[in-house]
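I would like the entire structure built from these sequences, with the hints used as guidance.
There are 2 protein chains.
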Amino acid sequence: MTSKEWENRVAYLGPTGTFTYLATQELFPNEWLIPYKTIPECIEAVASNQVDLAVVPVENALEGSVPLTIDYLYHEADLYVVGEVLSPIAQHLMVNPKFADHWEGIEGIYSHPHALAQCHKYLYYRFRGIQLNPTTSTAAAAQYIAENPDQCIAAIGNSSAAETYGLKIVQDNIHDFHFNHTRFFVLSRTNQRIERDHRDEQIKTTVMITLPNDRSGALHQVLSVFAWRQINLSKIESRPLKTGLGDYFFIVDVLEDENAPMMRGAMDELSALGCSVKSLGTYYTYQNSHD
Amino acid sequence: MTSKEWENRVAYLGPTGTFTYLATQELFPNEWLIPYKTIPECIEAVASNQVDLAVVPVENALEGSVPLTIDYLYHEADLYVVGEVLSPIAQHLMVNPKFADHWEGIEGIYSHPHALAQCHKYLYYRFRGIQLNPTTSTAAAAQYIAENPDQCIAAIGNSSAAETYGLKIVQDNIHDFHFNHTRFFVLSRTNQRIERDHRDEQIKTTVMITLPNDRSGALHQVLSVFAWRQINLSKIESRPLKTGLGDYFFIVDVLEDENAPMMRGAMDELSALGCSVKSLGTYYTYQNSHD
Chain A
1 MTSKEWENRV AYLGPTGTFT YLATQELFPN EWLIPYKTIP ECIEAVASNQ VDLAVVPVEN
61 ALEGSVPLTI DYLYHEADLY VVGEVLSPIA QHLMVNPKFA DHWEGIEGIY SHPHALAQCH
121 KYLYYRFRGI QLNPTTSTAA AAQYIAENPD QCIAAIGNSS AAETYGLKIV QDNIHDFHFN
181 HTRFFVLSRT NQRIERDHRD EQIKTTVMIT LPNDRSGALH QVLSVFAWRQ INLSKIESRP
241 LKTGLGDYFF IVDVLEDENA PMMRGAMDEL SALGCSVKSL GTYYTYQNSH D
Chain B
1 MTSKEWENRV AYLGPTGTFT YLATQELFPN EWLIPYKTIP ECIEAVASNQ VDLAVVPVEN
61 ALEGSVPLTI DYLYHEADLY VVGEVLSPIA QHLMVNPKFA DHWEGIEGIY SHPHALAQCH
121 KYLYYRFRGI QLNPTTSTAA AAQYIAENPD QCIAAIGNSS AAETYGLKIV QDNIHDFHFN
181 HTRFFVLSRT NQRIERDHRD EQIKTTVMIT LPNDRSGALH QVLSVFAWRQ INLSKIESRP
241 LKTGLGDYFF IVDVLEDENA PMMRGAMDEL SALGCSVKSL GTYYTYQNSH D
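These protein sequence lines are chains A and B, in that order. Sequential numbering from 1 applies to the first sequence in full-length UniProt numbering. Sequential numbering from 1 applies to the second sequence in full-length UniProt numbering.
Among the clues, some could well be false.
No copy labels: a pair is met if it fits in one copy or bridges any two.
List of simulated lysine-lysine pairs, BS3-like, C-alpha gap at most 30 Å [unchecked claim]:
1) 242 - 278
2) 242 - 121
3) 235 - 278
4) 37 - 235
5) 168 - 278
6) 235 - 168
7) 278 - 37
8) 235 - 98
9) 242 - 98
The set of hints was computed from the structure by calculation and includes no laboratory data.
Structure below.
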C-alpha cells in the first residue's frame with residue numbers, strides 16, 4: 001500500500017512498541033503511523049504539515065503532567081487538541097528468550113526513568129543493588145536488550161515492546177500502583193474534533209490562561225467566572241511563564257463545549273478581566289484497553 | 001576539625017559542585033555539609049536523624065517544580081520547611097585544560113538533562129549534531145570529563161564544578177534565559193525557622209491542601225478563604241494524589257505567618273470545608289549571589 005492510500009498521517013512518540021504507539025494504534029487502526037524521537041519533533045511534524053495529526057503524552061496518574069508537552073504547546077506551537085486517549089499502564093520485566101530460565105540473575109535493568117520509578121518498590125525488594133539504566137523510552141530499552149543477546153540484562157516495558165523486539169516476559173505487572181493511566185493528546189492544525197463511536201459522553205475543553213500582572217486574588221477571580229456559571233473544571237495546573245520565578249500561566253480543563261453560550265460568556269469575561277486566554281479546542285475522550 | 005565541633009550536619013544534593021552545593025554553602029558556611037546522591041536520600045537523611053537539615057531543589061524558573069521533592073514531602077516524609085534559598089543559575093561550557101584551545105572540536109557534551117535543556121538554543125546553533133549525554137548532575141558531568149582526560153569532550157555546569165574538578169571554562173553563560181533561578185527548600189524535623197541577618201523581609205508559609213471528594217467548585221472555595229482575608233498567594237500548583245487520573249492535591253505558598261490570626265482562621269475554615277490541610281511551616285527567603 002502506498003502512502004497516498006492512507007487518509008491521515010499520524011506522528012507518535014516512538015519507536016514502535018511505546019505506550020504512545022499503543023494509544024495511537026487503537027484510535028487510528030487504519031492510518032499511516034509515523035514514529036518520531038521526541039515530543040517536540042512530534043509537535044513540529046504536525047505544525048509544519050509533515051503529518052496531519054500527532055499523538056503525545058500529556059499526563060500520567062503518578063508522575064503528573066508532562067511539562068515538555070504543555071510548555072511546547074504554550075510557547076512554541078499553535079495547534080488544537082482534537083481528541084484525548086486514556087491508556088492503562090502495565091509494566092512487565094522482559095529478557096532475551098535464552099535467559100528466560102535464568103532471569104533472576106540479571107545484571108542490569110533498562111527502561112525509561114518514569115517506568116523505573118513506577119516499579120520502584122518491586123525493584124527495591126527484588127533487585128536491590130542491580131544497576132538501573134535510564135533509556136529514552138521503554139521500547140528503546142527493549143531494543144537495547146534485543147541487540148545485546150549475550151548479556152543477562154532485562155528491560156521494563158509493555159507487551160507490544162516484548163513482541164516487537166522478540167523478548168520474553170518473565171514477570172508481568174510489576175508496577176507498584178495498579179490504577180496507573182497515561183493521558184495522550186491528539187493534536188491537529190485545524191480545530192475539528194475526532195468523532196468515533198467509542199468516545200466517552202463527556203466533552204472537554206482545554207484553555208490556557210495568563211493572569212494580569214500579579215494582581216492579588218486574580219486566580220480567585222478566574223475561578224469565580226466558572227464557579228457562578230456552575231461550569232466544572234476537571235484540572236487546573238500552573239506552569240512557569242519562563243520570565244522569572246513566580247510568573248505562571250494556568251492550563252485548565254473545562255467540562256463544557258467551547259461553543260456553549262455559558263462558556264463563551266466565561267471566555268469573554270476572562271478577557272475583560274485582563275487575562276490572556278487561548279482555547280486549545282473541545283474534544284472527546286477515548287478509553288484505551290490495551291496494555 | 002572533627003565532626004563534633006560543627007553545630008549542624010546539613011545534607012545536600014551532591015556531589016560537591018552542584019547548584020545545590022552552592023546554595024547550601026552560602027547559607028551554611030560554617031556547618032558540616034554532607035552530599036547525598038538523590039533527593040529522596042537527602043530527605044530520608046534528615047527524617048531519620050542522620051543529619052539536622054537537608055537542602056533540596058524545589059522549583060526552577062524554566063522547568064517548573066521538582067515533582068520528586070514535592071511528592072516525597074507529601075507522600076513519604078513528615079518534615080518542615082525552615083528556610084528557602086533563591087540562586088541564580090549560570091551554565092558554562094568546560095573542558096580538560098589541555099583541550100582549552102581546541103574546544104570547538106569537542107565530540108560530546110555531558111550534563112544534567114535540565115542543564116542541557118537550559119542551553120538548548122546555544123547547543124542547537126553552536127553544536128548541532130554533537131552527541132548530548134545526560135548525567136545525574138552537572139557536577140557528575142564535570143567529574144566524568146576530568147576522569148576521561150584523553151577524550152575531547154565537554155561538561156556544562158557552574159564555576160564551582162569547574163574549580164572542583166580542575167576543568168577550564170571555555171564559554172561562559174551559555175544558558176538561553178538570563179533570569180533563570182532555582183529555589184531550594186531547607187528541611188528540618190522541627191518547625192523552627194532559620195533567622196539570619198541577610199534574609200528577605202517577606203515571610204512565607206507553604207501549605208498542602210487536599211480537596212474534599214471531587215466537589216465541584218471546591219478549589220474556588222479554597223481560594224475564597226484566602227481572598228476575602230486579603231491574604232496573598234505567591235504560588236498554587238496541583239500534583240497527582242497517585243490514586244488515579246484526575247485526583248490532585250494542591251501546594252500553596254502563602255505570604256503570611258502561619259501563626260497570624262487571619263491565617264489561623266483560614267486554616268480552620270479549610271478544615272471545616274472538608275479539606276485536609278498540612279502546613280509545612282513559615283520561613284524566610286535567602287537570596288544567593290553565587291553562580
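Outcome of the hint check:
1. For a Cα distance limit of 30 Å, the shortest separation of residue 242 from residue 278 qualifies both inside one copy, at 18 Å, and across copies, at 29 Å.
2. Proximity of residue 242 and residue 121 under a CA criterion of 30 Å is satisfied inter-copy only: 15 Å between copies versus 35 Å inside one chain copy.
3. For a Cα distance limit of 30 Å, the shortest separation of residue 235 from residue 278 qualifies both inside one copy, at 16 Å, and across copies, at 21 Å.
4. Only within a single protomer do residue 37 and residue 235 lie at most 30 Å apart by alpha-carbon distance; the minimum there is 28 Å, versus 34 Å between protomers.
5. Taking the shortest Cα distances, residue 168 and residue 278 never come within 30 Å of each other, neither inside one copy (47 Å) nor across copies (46 Å).
6. Taking CA atoms no more than 30 Å apart as the test, residue 235 paired with residue 168 passes in neither setting, with 39 Å inside one copy and 47 Å between copies.
7. Taking the closest pair of Cα atoms, residue 278 and residue 37 come within 30 Å of each other only inside a single copy of the chain (28 Å); across copies the shortest separation is 41 Å, beyond that limit.
8. With identical chains, the CA atoms of residue 235 and residue 98 are never at most 30 Å apart, being 47 Å at best within one copy and 53 Å at best between copies.
9. With identical chains, the CA atoms of residue 242 and residue 98 are never at most 30 Å apart, being 50 Å at best within one copy and 37 Å at best between copies.
Hints 5, 6, 8 and 9 from the list above are not met by this structure, while the remaining hints are.
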